[in-house]
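Student: Chains as they are written, first to last, in full-length UniProt numbering: chain S, 1 to 521; chain H, 1 to 114.
Keep in mind the hints are simulated off the structure, nothing from the lab.
Any given hint might turn out to be false.
Unchecked claim - Quick look at which bits of chain S chain H covers, simulated, 3 or more residues with Cβ under 8 Å:
#1 257 to 269
#2 272 to 279
#3 336 to 344
#4 350 to 357
The beta carbon of each residue, even a glycine, is placed where N, CA and C say it ideally should be.
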Amino acid sequence: MASISVIETIRKQIASCESQLRDLRQQLAEAEHQHQQREQERMRQDSSIDPLTHDMSYGIHDDFRSEVFAALSHTEEDYSAPKRWPLDMSEYKRYGRQLILSGIGLQGQLRLKNASVLVIGVGGLGCPAAAYLVGAGVGTIGLVDGDIVEESNLHRQILHSTSRVGMSKVDSARVFLSSLNPNVAVVPHISRLAPESAISVVESYDMVLDCTDTPASRYLISDTCVLLGKPLISASALKLEGQLMTLNNPPLPPGDSRGGPCYRCIFPKPPPPESVLSCGDGGILGPVVGVMGVLQALEAIKVLTKDPGTLAPEHVNPEPPTLLIFNGYGNPMFRSIRLRTRKPRCAACSSQASITSEALNSGSLDYVQFCGSVSPVDALSANERISVDNYAKLRSHINPFTGMEPSKDSHILVDVREKVQFGLCSLEGSVNIPFSKVVSTSLNMSNVQTSGPQEPGWVSELKGIPDRPIFVVCRLGNDSQITVKKMKELGLDQGGQRWIGDIKGGLKAWREKVEPDFPDY
Amino acid sequence: MSDQAPKMKDEDTLSITVEFTGGLEMLFSNERKHSLSIPIRNEDGTRTNMAALVDYLCQNLMKDPRKDLFILDGTVRPGILVLINDADWELEGEDKYEIESGDNILFVSTLHGG
Chain S
1 MASISVIETI
11 RKQIASCESQ
21 LRDLRQQLAE
31 AEHQHQQREQ
41 ERMRQDSSID
51 PLTHDMSYGI
61 HDDFRSEVFA
71 ALSHTEEDYS
81 APKRWPLDMS
91 EYKRYGRQLI
101 LSGIGLQGQL
111 RLKNASVLVI
121 GVGGLGCPAA
131 AYLVGAGVGT
141 IGLVDGDIVE
151 ESNLHRQILH
161 STSRVGMSKV
171 DSARVFLSSL
181 NPNVAVVPHI
191 SRLAPESAIS
201 VVESYDMVLD
211 CTDTPASRYL
221 ISDTCVLLGK
231 PLISASALKL
241 EGQLMTLNNP
251 PLPPGDSRGG
261 PCYRCIFPKP
271 PPPESVLSCG
281 DGGILGPVVG
291 VMGVLQALEA
301 IKVLTKDPGT
311 LAPEHVNPEP
321 PTLLIFNGYG
331 NPMFRSIRLR
341 TRKPRCAACS
351 SQASITSEAL
361 NSGSLDYVQF
371 CGSVSPVDAL
381 SANERISVDN
391 YAKLRSHINP
401 FTGMEPSKDS
411 HILVDVREKV
421 QFGLCSLEGS
431 VNIPFSKVVS
441 TSLNMSNVQT
451 SGPQEPGWVS
461 ELKGIPDRPI
471 FVVCRLGNDS
481 QITVKKMKEL
491 GLDQGGQRWI
501 GDIKGGLKAW
511 REKVEPDFPD
521 Y
Chain H
1 MSDQAPKMKD
11 EDTLSITVEF
21 TGGLEMLFSN
31 ERKHSLSIPI
41 RNEDGTRTNM
51 AALVDYLCQN
61 LMKDPRKDLF
71 ILDGTVRPGI
81 LVLINDADWE
91 LEGEDKYEIE
101 SGDNILFVST
111 LHGG
């Protein structure tokens, strides 16, 4: 017998397929419409020679007519061989608004048309970046991503759609991009960029956009671009802020100090993994990451349409490398910062570079290890932890430890998610002590300030109720463990008199095992 | 140097602006912009440079105990760009740069989201 969840899943799949079908029908309709328009255009051109056709058919002697026809068709061939207009008629129309800009013009448009750009990461940055490059008529766009579209992507990843949740991001983006501009070749690379294949993937492109979200991929992409001599436009965003850099531009060989700095010149060492926050944990506002992706497309167009003459070594006098920082809620919103030039002992782009194509291809460079990772927190012993099932029993039935009926005052439930998250949803009766407050509490308060408060309010409040056990919960079950440790270090356990422990797996486990209706954000 | 020190004369101090972005502000009472008066000379009589400022910030401005999110191995941790008047401090002599009145010092933590 099929369970309800199976039925639900199938229903969802049908709905998704149906809406994909709708998408395809729409695309078909657009394609047919386009085809029809082209036909009409051709017929109009045919009918424009009407007077001549008329003369040829009715006004001239048959023998002469065939001769004239032969001559006419011959000259026509001669004229059409060297194409009169370098762009197709439809391209003049489509790109007209940018063609008339002095920075672009016919030459710029042809450079775009002949260019190929690799967009690595088809998320919040890659979606708007690819959309604008395809819109502008860049000849070939490669897309690299191994992820599938999730519902939580849609507020910012504008190429995907509700109906394409579950589809690979690359395929989903292709649907959008090919309907936006059928003149552009969109090349799919449906996998995460790996060191072993990085060179073969990047090689055939003229330029790379780093739209990824981890330090490891940023180092890998930068190294690959240096080895292959490709300019790199790198952006990132988190919460309400974004950063943008054009790297390895001009893309001169390693050791040539006139080349632009690479990611390693600016950041020779990776940040400690615990300082790296993802969009899933830190949050991200759609237009903030969108602005950064759009700026990447703009930088790409600027570099691609530049007169190649100015790239010759004797002209190399690049604008100094800069980092643009953006704060969506700041005033001013933008700030441009002068960066250093190539680092004389850079591991990637100096004459003493240790990173080689051979090392990269062989897979001996482990970028993930280089950047490190945060291992899951395992700070507590078994008797300092309770499963969500047991905690649910404790709330609704009989206390498994004391055999007592539940009472509201039997314990304190501390939720250490940040205030905003607590405001979204919380367990009844829980009190909020944000984790940022917990970790910023010093153990030895007297060291900080003599005049300031001796201890933060939350510590004294919990000390004021010394007899109730404390259960700590968070989103995933990591911060709760660190909080339990900290509470004990602060002496809140009354020297072992009071039980303090965490709820294993946090509210995620609570939703999965106890309360499916608890919001999943 | 503590907050209780007798008020310094103007000629003994440097007025500077220190800013934090990219999430670093969380370590500094959630304030992005700080206007500070710092001693013009270190206790040994040398001019206050960036190394001394970083130390000063750690001792006096940073209330958060997680110092290693700002300082590692005696200097600003990897992943933080230090900018002196909107230029990478590597262009200005890094931690040996001697601070002048009116300087704007910006600490930018790199972002990785995308």
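Student: Work down the list of hints and note, for each, if the structure agrees.
Tutor: The hints, checked one at a time:
Counting residues of the region 257 to 269 of chain S whose C-beta sits closer than 8 Å to any C-beta of chain H gives 4, which meets the bar of three, so the coverage hint holds. Counting residues of the region 272 to 279 of chain S whose beta carbon lies closer than 8 Å to any beta carbon of chain H gives 7, which meets the minimum of three for the stated coverage. Counting residues of the region 336 to 344 of chain S whose beta-carbon sits less than 8 Å from any beta-carbon of chain H gives 5, enough to reach three: the coverage restraint holds. Coverage of a stretch by a chain is defined here by at least three residues with a beta carbon nearer than 8 Å to that chain's beta carbons; for the region 350 to 357 of chain S and chain H the count is 0, and the condition is violated.
Hint check: a violation occurs at hint 4 only; the rest are consistent with the structure.
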